[in-house]
Each structure stands twice: as structure tokens, then as C-alpha cells.
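J.: For this one, chain L is given, so just place chain U on it according to the hints.
Going line by line, the protein sequences match chains L and U.
Per the working numbering, the first sequence starts with residue 1, numbered consecutively.
Per the working numbering, the second sequence starts with residue 1, numbered consecutively.
Remember, identical chains collapse to one label, so a pair may be satisfied in a single copy or spanning two.
Calculated cross-link-like contacts (lysine to any residue; reagent style SDA-like; alpha-carbon spacing at most 25 Å):
no.	residue 1	residue 2
1	96	19
2	183	227
3	96	187
4	145	206
5	115	222
6	260	245
7	228	249
In short, the hints are calculated from the structure, not lab data.
Since we're looking at a predicted model, the values are computed, not measured.
There are 2 protein chains.
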Amino acid sequence: MGRPMARNLLMAGYPLIVHSRSQGPVKELVGQGAKEAHAPKAVAEQAEILIAMLPNSPDVELVALGKNGIIEADNRRLIFVDMSTISPIVSQKVAKALEPKGVRMLDAPVSGGEKGAIEATLSIMVGGDKAVFDTVLPVFQAMGKTITHLGPLGAGGFTKLANQIIVAVNLTALGEALTLAAKAGLNIELTLKALGGGLAGSRCLDQKTPNYLAHTFNPGFKIDLHYKDLGLIMEAARALGVPLPTTAVVQELFNALRVKGRGGLDHSGVITLLEELAGVEVKAKQ
Amino acid sequence: MGRPMARNLLMAGYPLIVHSRSQGPVKELVGQGAKEAHAPKAVAEQAEILIAMLPNSPDVELVALGKNGIIEADNRRLIFVDMSTISPIVSQKVAKALEPKGVRMLDAPVSGGEKGAIEATLSIMVGGDKAVFDTVLPVFQAMGKTITHLGPLGAGGFTKLANQIIVAVNLTALGEALTLAAKAGLNIELTLKALGGGLAGSRCLDQKTPNYLAHTFNPGFKIDLHYKDLGLIMEAARALGVPLPTTAVVQELFNALRVKGRGGLDHSGVITLLEELAGVEVKAKQ
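So that you can see chain L by itself, here it is in the shape it has in the complex:
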């Protein structure tokens, strides 16, 4: 995700300093005009806005608060924009730790996948101070399309988690409904058309219809990643005191898919587990 987002910033004319553990994307972006730095601290000392796009909470903690991290830099003008999907509670902790250094922070996770990153059509869900949001807005606009300020720091992350609940559970509902339909002998194409025309209609149904019809589940958004998000959801829900009975079942189904070695499938591939439970044999169309 980070590479296409950075490319869009370069294309919008922003001078860019990049750092990553992987040298491939760094070399590519340097070839396109970016400058390289060798640690988060070095980026933080030279930049006005530092954007992180990392796998999970510990990575963000390391980059922000670890050795050679943002916290060691001397730059009281710095705005730290974390666009990773991590625990919003960790975001709040990181922001608090950076505050004495004068660093202001936004949490700004995205939805829309690699396609949205490449095409600069990401939906960006932002939490943090409104004045800081207004300062960063033009930079967001170079990477995304629907940019929403949702409240104080953590609000972006909590909204992303709410989004991930709905998507995981709705994809599982589609999996259960289509497995029942298959065992009842229905034509799946006709069924999807009839379902899409009523109250069961959704963006998941529309976007994943080609996967269901071809019965191939190339990502897209991987089960592994959505399983990570379900862990963040349950962690946040427990911290806030919110029992999530349906999401918990879906988390276990996603867990079972990983156990079976299917973590690399698109998240709509949860249907393959439900078909297996029902003894449905479906062959991918070629």
C-alpha cells in the first residue's frame, strides 16, 4: 500500500523522503525523485508531515517510540500521520508519548485496497485535532477520494474497525446464504441477481460477484489481513466493554481458514469453509 500512495504524493508535486525495511520500494521511489533516509528519526528531523503505513500496532510503536524512532527527533513542527490499521488504543498511547516532543498526530486508516491506493481513490478515516486535519487535507487528497474527519485521535481507527466488522460478517453471511442456495440446487448467478435487487444488496455482494461466479478467490484483501483486523476489533471491544457475539464467530471461521492454509485467499473466500462444512464440492471455473 505504501508504495503507490508515495508515488501519488510524488506525482502531486510533494518532495518526499522515504524509509522502509524493504529496499525494493525505496529504490523505486528514489528513482522517481524521492530522497532516502535511513531511520524514522532521520525522516522526522527533515519532514513537516511524516506518514506511516505499517502492518500492525507493534510496528507503529517501534517506528514512533523505539530506537531511532520519531520520538528521538528534534522537530517541534512535525505532524505524524499514521495510516496503518492498528489498535486505536495504541494510537492514543503513541500520540500521548509524542505530545511532550511537540509532535502532533492523526490516525488515518484507509479502505479501498491496493486498487484504491494506486488510483488515489482511498477512503481515508481520520481522527485527531481538526486544525491538524485541515493542514494535512491537501496531502490526503493526493492519495484518496472520500476523506472524513471523524473526531479526536483514535476515531479514524475505531471507524475502520467498525467497517471491518461489517465487511467480515457480511461476507460470511453471503457465504452461508450462497452455500444454502447451492445445496438447494439454485443457479448462483440468478440468485445473486435476485438478492442484489432487494434489501440483501450490498457493495460486498456487487464487488465479490465475479469471485463467487468464477469460484476463484485471488486477493483482493487477504483473509490473513482481515484476521489481523478481527484481532484488533476483539481487543478494542474488550478494552471498551463491548461483547460482539457474531463477530467472534466470524473470527473463529477466519481462524479456521488460516489453519487450513487459506489465509492468502481473498476474504470473500470464507465461503470455501462454509461449502466444506456442508460437503459442497465446487470446482473453480477456468
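T.: Just chain U now, kept in the frame of chain L:
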């Protein structure tokens, strides 16, 4: 549902013979030009197409196969169109029992609620012989808008059950997501807007947004009725051998709502149970 559907048939110029256990709708329709009959058998003897709209499987069995039922009539031209949401397995049994009498049957459950019935915009999901479907199509067009022939008898009912899985589970997902959002201190209106713009977007989210914002859950489609449908879903799923782990949890949540005396709420009111589990106190806006 039956009354507005019958009214639309009268308005389209079809001569109508009506029968119901409730005298109110019968009197009203007779006032508008319908003829009254005193038993299903009497309707079946005079009509070319007999349409039933009944609460559940046993009601359809009684009207079709019981004393003074359709099976006792002598009319080999009759087409029996059952538009009730019942067990598709019972539909298949009824069709089989009526076959020796020359009665042809379609199962044609609807989606769209009383509003769709009044405005003749129902989505009608039809199973049965295609030639019989073609004969009845103009009659369906007087009552609905999206009319889909899905396969042999029972296909309408199975599609409706698939529809009801997705709607119940997605409304529960919305309930869990919005409860997490509320406890995280998010503004629900902004959250719904951000969610609606991404992969979490759905017709449920769009149609139920006013309920979530006002925190009033006037039906709409009652929890009592959706709970009945969840029973039909689990019954059909067991008969076909389809484990439905997520739907089963949602069925229990709908059951809990009934235990608490909230079966009369709109099905989006499942959120009130999730809020209660999380200790969220929300007052309805006036």
C-alpha cells in the same frame, strides 16, 4: 400484505374472488369490486389463478390440503401461486400432493414489505415450471417490479431464505459495529456516512440509517417475523445438510429480543440488544 396486493390486482382490472379468516380486508375488497368466497375450496373452483399470502407453513398446508381446501376442488385448469414465506420443503410437498388433481403450483415469496405491496414494487422470487411462470407473469407485474424465475418449485422459497440470512446477519453486524462506535465515543451520523462510502455499504445501512439516528425502531419488518424466517432457514438448512454457524448466533440474538418483549420492533432493532450487552444507554430522540 394480502390486502394491498389484492387491491393492486383489482386496479389492474383482474376480477377477484377473496377469502380470509379476517373479515375486515374481505369487506374492504368486496366494497372495491371483489367477490367473496367462504372457503379456499370455493375460490379454487371458480378461479384460474389462486394466490395465497399466509403467515407460515402450517397455514399453507391447511388451505391447500386441509378440509375445504384447494385439494377438494374440481378444477384441472387451476394454478396455485403461494406468495407466503414458508418452508420450501413444505412447498414441494404441497405441490406434489396437488399434482394428481391437475393443480399446477408456483412458490413466489416476496421482498419489499407493506410499502412494496402498496406501491406494487415488490421483488417476487418465483420457483416452478417456466411455462406456468409465463402464464402468471402479467399478474405478478400488477403486484411487483423485480420478478425473477429462479428454477423449479421451491427455488423461490430458497432464494427468499438466502435473502433473509443476509439481511438478519448484516443488521446484526451493523448493530455490533455501531455499538462499538458508540462506546468509542464516535458520532454515529459521521460514522454511518464514512461506512456507507466503502465496502461496508449496503441497502440495509442506507434504509435503516434514519432508525439508527433517531434510535426508534418502528417496523418496517418485525423481529417476530424475521425470527420466524430464521426458524425456516435453520429447518431448511438441516434438511439439506448446511451448517450455518453465524446465522445460528443471530437466531439466538433475535430469540433474546423476543424474550425481552421486543419482537414488535423493526429488525434493525437488534442493535438495542447489543447496546444492552455493552451497557450503552441510548435515549430515543424526540
